[in-house]
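Line order of the protein sequences matches chains R and Y.
For the first sequence, counting from 1, position 102 maps to 102 in this note's numbering; every step adds exactly one.
For the second sequence, counting from 1, position 2 maps to 2 in this note's numbering; every step adds exactly one.
Quick caveat, the hints were computed from the structure, so don't treat them as lab data.
Small disclaimer: the values here were computed from a predicted structure and weren't measured.
Take these hints with a grain of salt, some might be off.
Think about it this way: if two alpha-carbon atoms lie no more than 30 Å apart in a straight line, the pair counts; the simulated DSSO-like pairs of lysine-lysine are [what the hints assert, rightly or not]:
| no. | chain 1 | residue 1 | chain 2 | residue 2 |
| --- | --- | --- | --- | --- |
| 1 | R | K250 | R | K65 |
| 2 | R | K17 | Y | K83 |
| 3 | R | K173 | R | K184 |
| 4 | R | K184 | R | K250 |
| 5 | R | K18 | Y | K83 |
| 6 | R | K90 | R | K65 |
| 7 | Y | K3 | R | K18 |
| 8 | R | K17 | Y | K81 |
| 9 | Y | K3 | Y | K83 |
| 10 | Y | K81 | Y | K3 |
| 11 | R | K90 | R | K239 |
| 12 | R | K18 | Y | K81 |
| 13 | Y | K84 | R | K17 |
| 14 | R | K77 | R | K263 |
| 15 | R | K106 | R | K90 |
| 16 | R | K65 | R | K81 |
Covered stretches of chain R, going by a simulated chain Y footprint (3 or more residues, C-beta under 8 Å) [stated by the list, open to error]:
| no. | segment |
| --- | --- |
| 17 | 46-56 |
| 18 | 137-150 |
| 19 | 174-185 |
Every residue, glycine too, gets a C-beta built ideally from N, C-alpha and C.
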Amino acid sequence: MFWYNMKMNSLRNKNNKKTRIIWLSASVVFVVVLLFFRVPVEHLVAKTAMFVARPFLLANNAMIKWWDGGVFLIESKSSLKQENLIFREKLSEINTRLISYGILQKENQDLKEMLSRVDEGEYAVGAILSRPPKSPYDTLVVDAGFKNGIRTGMTVTAYGDVLLGYVSEVFPKTSKIKLISFPKEELNVVLASSTVSTVAVGRGGANLEITLPRVVEISEGEIVTTPGMESLLIGVVEKVQVDPADPFQKILFRLPVNIQELKYVMIKL
Amino acid sequence: MIKRIVADIVLLLTLFFAPWYVAVGLGVLFMALFPGFWEAVLAGLFLDAMYAFPDAISGGFYGAFGVFTILFLFLFVLAWKIKKQIRI
Numbered sequence: 001m002f003w004y005n006m007k008m009n010s011l012r013n014k015n016n017k018k019t020r021i022i023w024l025s026a027s028v029v030f031v032v033v034l035l036f037f038r039v040p041v042e043h044l045v046a047k048t049a050m051f052v053a054r055p056f057l058l059a060n061n062a063m064i065k066w067w068d069g070g071v072f073l074i075e076s077k078s079s080l081k082q083e084n085l086i087f088r089e090k091l092s093e094i095n096t097r098l099i100s101y102g103i104l105q106k107e108n109q110d111l112k113e114m115l116s117r118v119d120e121g122e123y124a125v126g127a128i129l130s131r132p133p134k135s136p137y138d139t140l141v142v143d144a145g146f147k148n149g150i151r152t153g154m155t156v157t158a159y160g161d162v163l164l165g166y167v168s169e170v171f172p173k174t175s176k177i178k179l180i181s182f183p184k185e186e187l188n189v190v191l192a193s194s195t196v197s198t199v200a201v202g203r204g205g206a207n208l209e210i211t212l213p214r215v216v217e218i219s220e221g222e223i224v225t226t227p228g229m230e231s232l233l234i235g236v237v238e239k240v241q242v243d244p245a246d247p248f249q250k251i252l253f254r255l256p257v258n259i260q261e262l263k264y265v266m267i268k269l
Numbered sequence: 001m002i003k004r005i006v007a008d009i010v011l012l013l014t015l016f017f018a019p020w021y022v023a024v025g026l027g028v029l030f031m032a033l034f035p036g037f038w039e040a041v042l043a044g045l046f047l048d049a050m051y052a053f054p055d056a057i058s059g060g061f062y063g064a065f066g067v068f069t070i071l072f073l074f075l076f077v078l079a080w081k082i083k084k085q086i087r088i
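In isolation and in its complexed conformation, chain R is listed as follows:
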């Protein structure tokens, strides 16, 4: 019995050693593959994940739409009345502004035609499948990919006027978008009223900041846009942080659209 146990222990140890060698070899191969083929492997894994996740994310969107449509059934009549009044007021304000916006747009178009710069931008529309806080980073996943003509680096906007970010990774039917507020992401911007050209840095959570010398006068409410003829809105200055001991001032602003309520993005082709 003793010799039998000795033999069995020896066999078990051999098997354990074999298993350990196999695990070690597999780990080494895995690390080597990751080191030399990191990007293609990551892309392949991401492509598979997107393929699996897409139907679920579409179902999630449909459920949210259904829920939003049905919620009014359980709200009280008076609260709905109140909400209706507020919306009517906002609508009439917006309609008024639209009139002057139309005039300005025509003027802008005429000026561009005079300078022989006609905007021929085409856009692809993508439904947002995933956004913060579902995603842990300042990322959007949209329902438009290679098959819709999307390519890496394309500009992503809200309503065609507000810059949101750039296409970071493209898959057959989906794309990943990195928002401009992604931490440490830098972007050339112009402060509209003072025509100061500078760099905005992302802080995460749809927030951005600009650092300028204190001598430059910046006020809250100033509009921040991209430079160039076809400028896009980036934000409106919300706060200017000035420290008497610091020769620089921090200008804080955020994306002017609510990412949580945005349903679609427009990607410039």
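Fit chain Y to the supplied structure of chain R, relying on the hints for placement.
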């Protein structure tokens, strides 16, 4: 066995329908409750695949592929070691 399958389904659904921190929290909880819950590592890999960037900014690990996978792998090994020590 059935409990584990239910846990897997719940984790999978939170990945698609709930904020990321809910999935991470549940993954950690299930790793504590079930022996060798490697599905949490897969969940971490899924989060990285869905939301990480291949060209994450030079400012560190934020947005880099592998953050959640490595985190869950570390927690998996830690849970295994702790359970071994206290003989669960």
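Now the hints, each set against the structure:
Between K250 (chain R) and K65 (chain R) the CA atoms are separated by roughly 39 Å; this puts the pair beyond 30 Å, and the hint is violated. Proposed proximity of K17 (chain R) and K83 (chain Y) is supported: the alpha carbons are some 23 Å apart, at most 30 Å. Between K173 (chain R) and K184 (chain R) the alpha-carbon distance is near 29 Å, which keeps this suggested pair within the 30 Å criterion. Between K184 (chain R) and K250 (chain R) the CA atoms are separated by roughly 15 Å; this keeps the pair inside 30 Å, and the hint holds.
As the CA atoms of K18 (chain R) and K83 (chain Y) are separated by approximately 25 Å, the hinted pair is consistent with the 30 Å bound. For a cut-off of 30 Å, the pair hint linking K90 (chain R) to K65 (chain R) stands: about 23 Å separates their Cα positions. With a CA separation close to 33 Å, the supplied pair K3 (chain Y) and K18 (chain R) exceeds the 30 Å bound. With a CA separation close to 20 Å, the supplied pair K17 (chain R) and K81 (chain Y) stays within the 30 Å bound.
The suggested pairing of K3 (chain Y) with K83 (chain Y) holds, with an alpha-carbon distance near 19 Å, which does not exceed 30 Å. Note on K81 (chain Y) and K3 (chain Y): the hinted pairing holds, with a Cα-Cα distance of about 23 Å set against a maximum of 30 Å. With a C-alpha separation of about 25 Å, the suggested pairing of K90 (chain R) with K239 (chain R) holds against the 30 Å cut-off. Annotation: proposed proximity of K18 (chain R) to K81 (chain Y) holds, straight-line Cα distance about 22 Å (limit 30 Å).
Only pairs whose Cα atoms come within 30 Å are accepted, and K84 (chain Y) paired with K17 (chain R) is accepted, the gap being roughly 20 Å. Using a Cα cut-off of 30 Å, the hinted pair K77 (chain R) and K263 (chain R) holds, with the two alpha carbons roughly 27 Å apart. Simply put, K106 (chain R) and K90 (chain R) have alpha-carbon atoms about 24 Å apart, close enough for the 30 Å limit, and the pair holds. Annotation: proposed proximity of K65 (chain R) to K81 (chain R) holds, straight-line Cα distance about 22 Å (limit 30 Å).
Given as covered by chain Y, the segment 46-56 of chain R passes the check, having 6 residues with a CB less than 8 Å from a CB of that chain where 3 are the minimum. Beta-carbon proximity to chain Y at under 8 Å applies to 3 residues in the segment 137-150 of chain R; the threshold of 3 is reached and the given coverage holds. Evaluation of the coverage hint for the segment 174-185 of chain R: fulfilled, as 6 residues show C-beta separations to chain Y shorter than 8 Å, against a requirement of three.
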